[in-house]
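J.: Each chain, letter by letter, is given below.
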Amino acid sequence: GAVVSQHPSRVICKSGTSVKIECRSLDFQATTMFWYRQFPKQSLMLMATSNEGSKATYEQGVEKDKFLINHASLTLSTLTVTSAHPEDSSFYICSAPSGPEAAYGYTFGSGTRLTVV
Amino acid sequence: QKEVEQDPGPLSVPEGAIVSLNCTYSNSAFQYFMWYRQYSRKGPELLMYTYSSGNKEDGRFTAQVDKSSKYISLFIRDSQPSDSATYLCASSQTNTGNQFYFGTGTSLTVIP
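Note that the protein sequences, when read in sequence, are chains F and G.
Take 1 as the starting number for the first sequence in our numbering and just add one per residue.
Take 118 as the starting number for the second sequence in our numbering and just add one per residue.
Worth flagging that the hints you see were computed from the coordinates, not collected in a lab.
Check before you lean on any hint, since a few could be wrong.
What the hints assert, rightly or not - What follows is a set of in silico ranges between Cβ atoms, one per label pair, in the way DEER data are often shown:
#1 R158/G <-> Q60/F: 23 to 33 Å
#2 G61/F <-> S186/G: 27 to 37 Å
#3 I228/G <-> T57/F: 36 to 46 Å
#4 P100/F <-> N172/G: 47 to 57 Å
#5 T82/F <-> D195/G: 43 to 53 Å
#6 K41/F <-> Y168/G: 42 to 52 Å
#7 D195/G <-> S18/F: 46 to 56 Å
#8 N51/F <-> P131/G: 40 to 50 Å
#9 Q42/F <-> A134/G: 23 to 33 Å
For glycine and all other residues, C-beta sits at the position ideal for the given N, C-alpha and C.
So that you can see chain F by itself, here it is in the shape it has in the complex (with noise of 0.2 Å):
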């Protein structure tokens, strides 16, 4: 199946820092990616739609200069906590199209650990 990198899997960062987390899509040219947010016993929630060559999409009460999401190529998106507090912490994961096609459905990272201290 397609195979989605997501990087890195665990960062501790102080509070007022950036972390930068990535996404690349390995098999398959994803003009769109999806950023989400996974808190303990909750639903992922979709954050943003990342658009290559273009602005991302954010789902309403996401905080866009925030939550910085770059998608200047085919392969990869990244994902930019800005001023980290600890309310941040979470576990942030990505995904991407399978394939060229919708049937193909959508492969998830393997998701990013944040811990704001």
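Based on the hints, put chain G in the right spot on chain F.
T.: Below, chain G without anything else, positioned relative to chain F:
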């Protein structure tokens, strides 16, 4: 009301048991139904993908969709300790990644 409701469990069964995992959804327009398996501190892995109603079988896994009652199920036969994980259901009206609604996940432990 949440779009997709799922009992979080936890569910604990002996090895070899048949496991039944269930979700309900509220939007009658949903047509795509998925089950994901998520191991601790990992991303979700697609297990089953179903379009519209009916059953779909893949090895020890069977997905069932009943659109009349808005009920989706995942059955695991001959459960193994390696099946211990959190299982997430998801539903969508269209098969585009920004329109999936996920359940909270059911934590399953299979005891050897």
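J.: Quick check: does the Cβ-Cβ distance between T82/F and D195/G fall within 43 to 53 Å?
T.: holds (48 Å)
J.: Could you tell me whether the CB distance from Q42/F to A134/G stays inside 23 to 33 Å?
T.: holds (27 Å)
J.: Is the hinted range of 23 to 33 Å satisfied by the C-beta distance from R158/G to Q60/F?
T.: With a Cβ separation near 28 Å, R158/G and Q60/F satisfy 23 to 33 Å, so the hint holds.
J.: May I ask you to test the hint 36 to 46 Å on the CB atoms belonging to I228/G and T57/F?
T.: holds (44 Å)
J.: Honestly, do D195/G and S18/F meet the 46 to 56 Å range at C-beta?
T.: About 48 Å separates the Cβ atoms of D195/G and S18/F, which means 46 to 56 Å holds.
J.: When you take the CB atoms of P100/F and N172/G, is the distance between them in 47 to 57 Å?
T.: violated (28 Å)
J.: Just tell me: holds or violated, for the beta carbon distance of K41/F and Y168/G against 42 to 52 Å?
T.: Given about 29 Å between the Cβ atoms, the range is violated.
J.: Does 40 to 50 Å hold as the CB distance between N51/F and P131/G, or does it fail?
T.: At roughly 48 Å between Cβ atoms, P131/G and N51/F fall inside 40 to 50 Å, so the hint holds.
J.: Taking the Cβ atom of G61/F and the Cβ atom of S186/G, is their distance within the range 27 to 37 Å?
T.: Given range 27 to 37 Å: holds, Cβ gap about 32 Å.
Taken one by one, the earlier hints fail for this structure at numbers 4 and 6, listed in ascending order.
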